[in-house]
Amino acid sequence: MTKIKSLDELRQKKQQLEQSLEIREKSNHPDSLVQIKVAMATCGIASGARTVMNALVEKIRNEKIPAVVTQTGCMGYCYAEPTVEVKKPGHDPVVFSYVDVKKAEEIIDKYIKNNELLDGILPANYQTI
Amino acid sequence: MQLLVCGGTGCQASASAKIVEKLNESLKAHGLTEDAQVVITGCFGFCEKGPIVKVIPDNTFYTQVKPEDAEEIVAEHILKGRKVARLLYENPETKEHVSDSKHMGFYQKQMRIALRNCGFIDPENIDEYIAREGYSALAQVISELTPQQAIDMLKQSGLRGRGGAGFPTGMKWEFTSKYSADQKYVVCNADEGDPGAFMDRSILEGDPNTVIEAMAICGYCVGASKGVVYIRAEYPLAIRRLQVAIKQANEYGLLGKNILGTNFSFEMELRYGAGAFVCGEETGLIASMEGGRGEPNFKPPFPAESGFNKKPTCVNNVETFANVPVIFLKGPEWFTTIGTEKSKGTKVFALAGKINNVGLIEVPMGITLREIIFEIGGGIKGGKKFKAVQTGGPSGGCLTEKHLDTPIDFDSLVAAGSMMGSGGMIVMDEDDCMVSIAKFYLEFIVEESCGKCTPCRVGNKRMLEILEKICQGKGEMEDLDHLRNLASVIRDTALCGLGQTSPNPVLSTLDNFYNEYLAHVVDKKCEAKKCKALARYSIITEACTGCTLCARNCPVGAISGERKQPHSINQDLCIRCGVCYTKCKFNAILVQ
Chain X
1 MTKIKSLDEL RQKKQQLEQS LEIREKSNHP DSLVQIKVAM ATCGIASGAR TVMNALVEKI
61 RNEKIPAVVT QTGCMGYCYA EPTVEVKKPG HDPVVFSYVD VKKAEEIIDK YIKNNELLDG
121 ILPANYQTI
Chain B
130 MQLLVCGGTG CQASASAKIV EKLNESLKAH GLTEDAQVVI TGCFGFCEKG PIVKVIPDNT
190 FYTQVKPEDA EEIVAEHILK GRKVARLLYE NPETKEHVSD SKHMGFYQKQ MRIALRNCGF
250 IDPENIDEYI AREGYSALAQ VISELTPQQA IDMLKQSGLR GRGGAGFPTG MKWEFTSKYS
310 ADQKYVVCNA DEGDPGAFMD RSILEGDPNT VIEAMAICGY CVGASKGVVY IRAEYPLAIR
370 RLQVAIKQAN EYGLLGKNIL GTNFSFEMEL RYGAGAFVCG EETGLIASME GGRGEPNFKP
430 PFPAESGFNK KPTCVNNVET FANVPVIFLK GPEWFTTIGT EKSKGTKVFA LAGKINNVGL
490 IEVPMGITLR EIIFEIGGGI KGGKKFKAVQ TGGPSGGCLT EKHLDTPIDF DSLVAAGSMM
550 GSGGMIVMDE DDCMVSIAKF YLEFIVEESC GKCTPCRVGN KRMLEILEKI CQGKGEMEDL
610 DHLRNLASVI RDTALCGLGQ TSPNPVLSTL DNFYNEYLAH VVDKKCEAKK CKALARYSII
670 TEACTGCTLC ARNCPVGAIS GERKQPHSIN QDLCIRCGVC YTKCKFNAIL VQ
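Sequence lines, in order, name chains X and B.
Residue numbering for the first sequence follows this note's numbering, starting at 1 and increasing by one per position.
Residue numbering for the second sequence follows this note's numbering, starting at 130 and increasing by one per position.
Among the hints, a few may not be true.
[Stated by the list, open to error] Computed list of lysine to aspartate or glutamate pairs in EDC-like fashion (alpha-carbon distance at most 20 Å, straight line):
| hint | chain 1 | residue 1 | chain 2 | residue 2 |
| --- | --- | --- | --- | --- |
| 1 | X | Lys3 | B | Glu419 |
| 2 | X | Lys13 | B | Asp256 |
| 3 | X | Lys13 | B | Glu380 |
| 4 | X | Lys87 | X | Asp109 |
The hints are simulated quantities; they were obtained by calculation from the structure and are not laboratory data.
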């Protein structure tokens, strides 16, 4: 290991290392963050949900968006996979259908950043307790 | 995704290392090593339900995980995103599964400052500590503040020593800084001796770097270039993690010569104790560090003037140190907003005894015992009735129902006849005999007394004999007066703090449970049925089938009766061993 020789070097080091803990820091304050859930049941994964999830995770990390991406089980919209649910703090969750990498980027750019809705939103036809 | 696995002593004893191994195997088998990493962390605190595995980022909190569950967690949760319901925490009232630890009663009332990194970072990886602003406080203090400015900040914060007595930490540092000497020392007291207390061990196991950083800050403030951790050899895991952390800090140059390019140098070493209660007393600790017998000395001179190797020494407890870096990072004003008027910040308690959620908790000062026991602790095991809670270990006392709503801090506990101590909290229910509890603590004191001064060595032994006599059913009224007299003499004349407080368990039970003593002495009865010698066994005629099992097993032949006819016990012969009670298949033995 190289020695840390000054306060500035320690600060730089901290910034480099922060990212490795980011996922845990975010899970510490789940309610104040945008929560993105990617349906990752067999059908979701088969339709490419894993690629979508990776794209989401990467974009969020690169653009330092206060959001946390998690996977979830089958949401029941097997005909519309991959599906992604986005819950912004203080808003009802919205489910997007047929999400590919391009759509995933749009979700972040348009809905999460600017509150613009996109095509392909599935009606919320159930309630969870 | 990440899987955090508790690597504290408790969970390791329940095979958490094996769980890590199995999780890694399963991740590999499913080709998920890129997507999910296993991280070994310190204690999550919820020891009752250990081993704990927490899945991040969805905060899923799996309890009582076994190595064979690893495959299911990976195959179901990581691969398919379905939580393994049977491993989730079940709310004891609603019987519902709670998957997110943020919604568990156990965590909702807690505020984690000293334990901020425990169960969050990998204690053997200094990078994770640095990523959470580790060593930033040290860096700021040594490059931007004078020692006096730093001491003033600590004084402003109102931090008081977490080892027991609650002495203001800033003042202690200031005293040590005033003495000039060619060498001064910072000592960390990690000789956690109270029965049932394990917060110091958990901090060292879960976040060793925070203690190292705080000791270096202390060294800068008091003018010491050497730090020594006095730790008991019974804590092998804490020792190993400290050694790893010291090595990594040295490699980064965060310990050693000219730290971060300043003139400040600080070295650290460990000293092992054999685990004696009296070595938690600072002068006893120093004597043991020097290789002598662990016996306390008169104060003054205080260690601040003449301590380790007769040099000025600043001794602080592990938990006290764990608070220091945060105070410098967030500022003393922030710290003063937490807690009560005279006790700022939080306190870590080790919850144990007849309570549902045994574990390690950190709560703001000023919380009530009721909140701790019934909300965080989840109430009394088996729905029994709460009787008392023992705080402060062998130097503390028992608090009762009437103290449940007292906001707790250093001073209110003393006023109630107990003390904060290091933070052991043992909950007792209706089945506990308070005379026996007092006897248990005295046995501990008699065992652990170093023997240097007569009041502690002989006085406690005499008190123990009286209690044994009472539990044997041979107590007399004047014994209770003897107990009080002895207690006050020991309190006034013992040499060290431990001796002076050793009669507390007896005094507080005498005050709060005098009726129980009376029942033992006058009626020769033990309500809780703990004192065997006071129990009276008899046979319920209606329930007895005359199977002769009890008569055949009675070691003294005190039971007689015809076959298939109700038996009876001869009270003069009965030695109250309880064999008949355990053998009877028809619940026909009555214990009174």
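Here is how each hint holds up against the structure:
no. : hint                 : verdict
1   : Lys3(X) x Glu419(B)  : violated (33 Å)
2   : Lys13(X) x Asp256(B) : holds (9 Å)
3   : Lys13(X) x Glu380(B) : holds (14 Å)
4   : Lys87(X) x Asp109(X) : holds (15 Å)
Violated hints amount to a single one, hint 1; each of the other numbered hints is respected by the structure.
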